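Number of protein chains: 4
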Amino acid sequence: MLFLSDNAAPVHPRIWDALRAADAADAPYDGDGLSQRLDAAFSQLFGRECAVLWAATGTAANCLALATLVPPHGAVICHREAHIEVDEGGAPGFYLHGAKLLLADGEGALLTPAAIAAVADPIRDDVHQVQPHAVSITQASEYGRAYRPAELAAIAAECRQRGLALHMDGARFANAAAFLGCTAGEAAGPVDTLAFGCIKNGAMSSEAVLFFDPERAALARYRRKRAGHLQSKGRFLAAQLLAMVEGDLWLANARAANGAAAEIAAGCADRLLHPVEANELFVRLTPAERAALRGAGFAFYDWGPEAARFVTAWNTTPEAAAALARAIAGL
Amino acid sequence: MLFLSDNAAPVHPRIWDALRAADAADAPYDGDGLSQRLDAAFSQLFGRECAVLWAATGTAANCLALATLVPPHGAVICHREAHIEVDEGGAPGFYLHGAKLLLADGEGALLTPAAIAAVADPIRDDVHQVQPHAVSITQASEYGRAYRPAELAAIAAECRQRGLALHMDGARFANAAAFLGCTAGEAAGPVDTLAFGCIKNGAMSSEAVLFFDPERAALARYRRKRAGHLQSKGRFLAAQLLAMVEGDLWLANARAANGAAAEIAAGCADRLLHPVEANELFVRLTPAERAALRGAGFAFYDWGPEAARFVTAWNTTPEAAAALARAIAGL
Amino acid sequence: MLFLSDNAAPVHPRIWDALRAADAADAPYDGDGLSQRLDAAFSQLFGRECAVLWAATGTAANCLALATLVPPHGAVICHREAHIEVDEGGAPGFYLHGAKLLLADGEGALLTPAAIAAVADPIRDDVHQVQPHAVSITQASEYGRAYRPAELAAIAAECRQRGLALHMDGARFANAAAFLGCTAGEAAGPVDTLAFGCIKNGAMSSEAVLFFDPERAALARYRRKRAGHLQSKGRFLAAQLLAMVEGDLWLANARAANGAAAEIAAGCADRLLHPVEANELFVRLTPAERAALRGAGFAFYDWGPEAARFVTAWNTTPEAAAALARAIAGL
Amino acid sequence: MLFLSDNAAPVHPRIWDALRAADAADAPYDGDGLSQRLDAAFSQLFGRECAVLWAATGTAANCLALATLVPPHGAVICHREAHIEVDEGGAPGFYLHGAKLLLADGEGALLTPAAIAAVADPIRDDVHQVQPHAVSITQASEYGRAYRPAELAAIAAECRQRGLALHMDGARFANAAAFLGCTAGEAAGPVDTLAFGCIKNGAMSSEAVLFFDPERAALARYRRKRAGHLQSKGRFLAAQLLAMVEGDLWLANARAANGAAAEIAAGCADRLLHPVEANELFVRLTPAERAALRGAGFAFYDWGPEAARFVTAWNTTPEAAAALARAIAGL
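Chains as they are written, first to last, in this note's numbering: chain A, 1 to 331; chain B, 332 to 662; chain C, 663 to 993; chain D, 994 to 1324.
Don't take each hint at face value.
Claimed, not checked - Ranges of calculated distance between the beta carbons of each label pair, as one might list FRET restraints:
id, chain 1, residue 1, chain 2, residue 2, range
1, D, Q1154, A, E186, 23 to 31 Å
2, B, T617, C, Q823, 30 to 38 Å
3, B, G635, A, A40, 18 to 26 Å
4, A, R124, B, D452, 49 to 57 Å
5, C, Q823, B, L662, 34 to 42 Å
6, C, P733, D, E1179, 42 to 50 Å
7, A, L272, D, A1111, 23 to 31 Å
8, A, E186, C, G825, 53 to 61 Å
9, B, T617, C, P733, 50 to 58 Å
10, B, P545, A, A218, 35 to 43 Å
11, A, A288, D, Q1154, 31 to 39 Å
12, A, R124, C, P675, 49 to 57 Å
13, A, R80, B, G635, 36 to 44 Å
14, C, A984, D, Q1029, 53 to 61 Å
No lab work stands behind these hints, which were simulated from the structure alone. Predicted model only: the values in this text are computed from it and were never measured. Idealized CB from N, CA, C, for every residue including glycine.
With the rest of the complex left out, here is chain A (with noise of 0.2 Å):
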């Protein structure tokens, strides 16, 4: 049983459905009947204007984002743990020419105003020392940790007293709506951008990129041709994110992971290293353990020497969610 990743996982049915119900040839690239649907889409799910790009990968859309927000002579404040920084193999120096990731540090690789102001406070306002002109958040974190709407509201005041845009990293930003039980709009928060996650809960190849001021996505159009996101069958990725929040098979999907999560952490509440708030269990285990559970069938991946990651999806069954927890109790 695989609690290896969600960004493996199949492909949910009702997106081969919509994948398949949008083989006719349309307009090419992002001129296609699908994608003039998106904007609206999306405003509605987040109740708020926003103009909405699809991409490939967690990473171009973050990237895309952020490079609307960062000149090349800029930084961007993130988590010391954060996706952009330890897992994307350097793309946000790409695509902002060279900008910096400023590290914070917070318990659950969560941010909070004052991990901000102890990065930007000591630099000083000259240009020897590059200046931050964004905030990049993890929703949920990289933990699993789920920003509450408070602390949402909290960091959002600070970037805004300091002039720093805001962006989400929302990979796994369904699975925090699911365990917040808020709205879309609310388990965001007043970002500036968000990438929106649908690869790792059922989609096969499309995020959406969402900005919440018209022109940057302007901009974000040029660049996005520029790095070659731009594909021709585009209408194939629009159709994925529709089908994903037209109706409520995001949420649904997060729901299914997560409660998957749920019931293996119930079993083993006194070895977490987290709170489980979404779809990701940080286990401690010894070596030993590990392949106890490896030798009954199990695959996950090690979290350093005396523990394991656990991640569900949406098509993780109730059944394997249990064998997992009996299996992780009766060691």
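Fit chains B, C and D to the supplied structure of chain A, relying on the hints for placement.
Below, chains B, C and D alone, put in the same frame as chain A:
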């Protein structure tokens, strides 16, 4: 009937089948079993060892290849009407960190050794002038013309003598190979890198980048990730490529498109601006004639004030081709 | 006698005096008293408020200015033989992060509104084609030709109508102004940025970059530091600029160089490839004639197989000019 | 009395003499006779063949060197307080096209093999994480500490074993060498590239970049031009470097500065935050004490709330040093 472009045609049923067959979770990125088969499949097709990466667009494919051939302070010699110069939104400047494109002339958007020399010879060999490091040619060319193997050999010899690498933009490589009636290896000639197009030939979202030097492929892997083009469900991109080349689908689709183009060409030989050697036709037509054709239900692009471009695709039916041929003949 | 270039001429005694006078320690970078006087000195000279940065080369000066006018995904329209295209080692591609130069034609390396339109008009307004954001002209041009104020006004009007910014490469701006017999402001016209050349006109290592919009200057300050051009003993660069423009040295030196060029030109009017409006002469000379001149002690560059380029400088003596004029007349 | 920084000190008389002696026109850029002597002069000084380029700032010098060691998708390991990280306005991100700086810890802003390992070891060897390609160390360090030859050998061995190149930022290299009492070659150790500082040591506007691999120098020549750092009157930069190193001026000036620092240090040993091994002192001083010193005519920078930084220079007189020593002792 659509003759706008092959770039938005439907996906071929065998590609759909391959996509569905790839659904089950596998290792993410390019660690899956399908991606692992690419090198062998293409090495066999080309009769020459190569390492292969998938990429979601031709623009990304070209740029990932070129970035391994040319340093930021260098230049690529290409035709004045090359897609990388005219229609990729400046992507080479982005991927190559500001390297230049040096523009050559040539009938039919084809380069020759003399055209390359005409660009390269006047460049002083000093640091004040940007030095060429590679040549990029397009097979078939932007006007649907195919380089013959002897022409490729002559270009490659010119490059070798000048210390220039040779890249081939093969967005319609299959169409050229089908026209030439030669092997893939012969239609490519001794290039260093090749962007092997599939999307215009019935795929959904995957092109192959071939590196005949494995060190360049290793470098390109880092740059693909950095450009946000390393999709986590990369198995779906690999599946499309394998479906294309492990049988003869790439050739069969190209033959179908070429055949339709040839049928149309046969009916309007006196109007052709360029010999038809692939699946594009550039046809002299007055505004009134174009209006008449559109009135009759044909969709296509104007090509300047006195001509039109028609593109056939894998799914252009003989009936549609015949209808267009008749309609033009009847003007 | 040296007619190779003005770019390696000795430093004028008044510049030496200014350098020595700046020796005492002052605030580093551009915090010193001399640097603080630049804005006022140039604003007065040009009769228009501007913010001024020093830079050690014309290449850096041009690129720092252009980078405030053009985004990475944009383009600059310039003459096919502009220095930024031909002789700056690709610096615009570096400083502008891959933005393109779009090449226009024009007699004497001069642009016209029509030449700009000929480049800009065919560009489709979509993300597939790189959009121009600025025009760059050179005063005096690469062939020593000066734009008249009315020509500058026409170009600026064309730019304004198209939403393009206007930059002036003034490596030999003083020579143009001396020829035109007008004020600095008139010789610049309504440009947005100007690289005001001093090094070819008797300075050692300092050019001025003028920004007629202070926000662009603020941006350029970050980029100058980031490019490694913020010298810690910047007072020595400011001193050179002030010595040039707080008196009439910039004009006196240019007049001397122009006068020498005019004297030579008078003796070989029938051989001139271009009217002499600054301090450069392009003279039709056979290989044998060039050899004879070199045999007589004149140093200069060939300009293709049948011509030569002679450049005078602030220190070209009337005697040297007369000697060259006689030598050419006597061929 | 100024103890703000050595970076704005006057120019040494022998440098002035060398500048004046270089006035006569010579070949432009680095084709002049002085520039041609640099390789030999520095090869002799370091006892090891090297190719040398001049550059106008330490920032440019460091970045031109690093750009030959690290690809755009790579990283440099440096100290968290290294000048390239903290005070160069993001120049490495610009010159290295987005490559990252990975930050190591170490007492006195010094790196050790263990500090390098602590950064490099956790990096997974895959395309998702940015891989280090070089290490950069500063001699003397940002806290005025000197690496001993054995320490340099250990760092170089660590680098070699990991396949990392080694760069040295030698903005105050002369001060370190003077302190160590060893040859230039010993003070550099087996580095691949070295930015040899002169501006803080009595020059006006020239640093040397040493490449112990000539291929890297060839590459850097293109990049220097492209960065706008190839000055046309480059002979004035070469002249400064030769005046520094063809005699013992580099060492004499450093000894003078170090001597003054040592004199001050002797009087306040109990207040020092760092051992004084070059020409910088970090002295524990309360706000009231700092105010008293400033009231007595001493100029210096605060170093956090409870300390101050004093920097001596080649022209700090023994009297000034003694006066400061007495003033601190008398607090």
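Right, here's what the structure says about each hint:
| no. | hint | verdict |
| --- | --- | --- |
| 1 | D/Q1154 - A/E186: 23 to 31 Å | violated, 52 Å |
| 2 | B/T617 - C/Q823: 30 to 38 Å | holds, 32 Å |
| 3 | B/G635 - A/A40: 18 to 26 Å | violated, 37 Å |
| 4 | A/R124 - B/D452: 49 to 57 Å | holds, 52 Å |
| 5 | C/Q823 - B/L662: 34 to 42 Å | holds, 40 Å |
| 6 | C/P733 - D/E1179: 42 to 50 Å | holds, 49 Å |
| 7 | A/L272 - D/A1111: 23 to 31 Å | holds, 28 Å |
| 8 | A/E186 - C/G825: 53 to 61 Å | violated, 40 Å |
| 9 | B/T617 - C/P733: 50 to 58 Å | violated, 40 Å |
| 10 | B/P545 - A/A218: 35 to 43 Å | holds, 41 Å |
| 11 | A/A288 - D/Q1154: 31 to 39 Å | holds, 33 Å |
| 12 | A/R124 - C/P675: 49 to 57 Å | violated, 40 Å |
| 13 | A/R80 - B/G635: 36 to 44 Å | violated, 56 Å |
| 14 | C/A984 - D/Q1029: 53 to 61 Å | violated, 34 Å |
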